[in-house]
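When you get a sec, could you build the whole thing from the sequences and use the hints?
In numbering that gives the first Met the number 0, the protein residues as written are 0 to 611.
Heads up, some of the hints might be wrong.
As the list claims (entries may be wrong) - Label-pair ranges, simulated between beta-carbon atoms:
id, residue 1, residue 2, range
1, Arg533, Ala34, 38 to 48 Å
2, Gly370, Pro131, 40 to 50 Å
3, Ser211, Pro366, 51 to 61 Å
4, Ser123, Arg71, 54 to 64 Å
Note that these hints are calculated values from the structure, not bench results.
Note that CB positions come from ideal geometry on N, CA and C, so glycine has one too.
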Amino acid sequence: MAAPESFSGPGRMVAVTTDAAAPALSPEVTARWQARFRAPRVSLPDWAQDAPHRNIYSSDLSGVVEQYAWDRETGQHRKVTDRPNGTLISTLSPDGETIWWFADTDGDEFGIWMTQPFGGGTDSAAVAGVEPAYPAGLEVGRTLVAIGRSTDDGSELWLASHGGTPRVVYRHSDPASVDALTQDDRLLVISHSEHGDPRYPALRVLRTDDDSVVAEKWDGDGLGLHALEFGPLPDDRRLLVSHERRGRDELLIWDVDADTETEIVLDLPGDVTAGFYPDGSALLVGHDHAARSEIYRYDLATGSLEKLETPPGVVRGATARPDGTVELAWSSAALPPVIRRADGPVVLSVADEEPPAAYPVEDRWIPGPGGDVHALVVRPEGPAPYATAFLVHGGPEAADDDSYRARRAAYVDAGYAVVHVNYRGSTGYGSAWRDALTGRPGLTELEDIAAVYDALLAEGFLDRERVLLTGGSWGGFLTLLGLGTQPERWSAGIAEVPVADYLAAYEDEMEGLRAYDRALFGGSPEEVHDVYVRSSPITYVDAVAAPVLVVAGANDPRCPIRQIDNYLGRLEELGTEHEVYRFDAGHGSLVIEETIRQVEVALDFALRHMKP
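As structure tokens, this is what we get:
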């Protein structure tokens, strides 16, 4: 999931060095792209295990992403949180009596867990004595709670009975997290990276009454294990685990009492994840492959696999209800998100009307230096060659897909073709593809982006005089790095919340990301200084020829503001044409009008420098 974000004041443009006027979009076009952002949407409802009629979901109905309670028996919906910066994370206690939500400050992702009665009432600190931190997992049981926290000192995992005094059950300088509790609260699973690489965690099972170790599981270097959930029966000791022993995400069930495991081998080409049906007899399996997804029911007794029909597109989440029905969040590039049952009926909507439809994507498989690269393209009206925007995703362990994206559609509305590249480092194409950038981040991904650029140029799809490179977070990093290392390709660049100076970013970012960087680069800047310099956009800033817009959050803990200011200072010294939009929040915005302002700024910049 994207990092928690917030906004606490209007953004502002500074350092504008051009007086060029942008071609005006028609009022109809402007209204259409903005309507996609303003249309209220909801997340897939989460429900209390022992009170499934009590649900909680996220929605931007108020214009800010907040948490909402929903009682299905009474039909009542209630806004739980109401903060200027929005609230992204929440969960329910098993009995449905208590809502837990995370309170950070101005999008900095640093804070504490709060609780509120399901029916409404006073918010209070969830567990006294647990100091503010970055969240590292939460498991709310029937008699106790496990809380993970991360700081610059490393990770701490805490355990407390409801109303009792909390205690630390695990502490380490490397990343760790709380992952799963048994239904009887007797066993806790944590993930850790004591072996040195947080990208490939190991699992440890602790007894909650005395913190003793029950079992351990680690598949070795380069092979991660992720605890998904314990079985739903009262004395269940079956732990559903995701592994990558054959080069992609697959499933196994680990009986932690007997310390035995059963791999679930499915004849499906892509990555899979799963959750238990409430009666424990089957798994609800999600299958992701080639930018699209589908869901299945896997019977644990017979091993039979039944596909649940969904239209082509992306299932963002799915859950099996106690009555056996399956609810899911679905969208496609052309059709907006909907929360519905797998058999058709809409489950939850807060909008009076749907947002405007968008545009379908076309697939391209293009030979690259590390293998075939999967790209998605969208055509505007009219004949090719097109003025084209390469929208590169963040992560890097993420992917672009056939889901509804208001930002993508806004560029197409403005007259641009859009290209997404699932470069090496992207998820959904196997472990080797995901890990291929290790030791050479940034430059590896840009090789794949260049291969797609060259193929589309040869095809006559894009106009080489009008090509924009843009992205956010890791995509912003790739944008600045691409402008400096491939200046002949790009007509303009828009980097949103980017890494711009990697050495300074490492110093200021949260410790969990520093650990990730050490694994990705092969060590710290002190150990492999030249590797960081080679992959840092500021190294190549002298070569930037295209005008660039930088969008920056003042409280961003992931791509901190000082390292962005370092890069902007060099642009200023060099006299390179650039603009800056600053906003007083973190790694983006949960406020819809602020998001619209940022897109307006980006489109205005693109239209001034690269007319469609």
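For each hint, the structure was consulted:
no., hint, result
1, Arg533 <-> Ala34: 38 to 48 Å, "holds, 44 Å"
2, Gly370 <-> Pro131: 40 to 50 Å, "holds, 44 Å"
3, Ser211 <-> Pro366: 51 to 61 Å, "holds, 54 Å"
4, Ser123 <-> Arg71: 54 to 64 Å, "violated, 26 Å"
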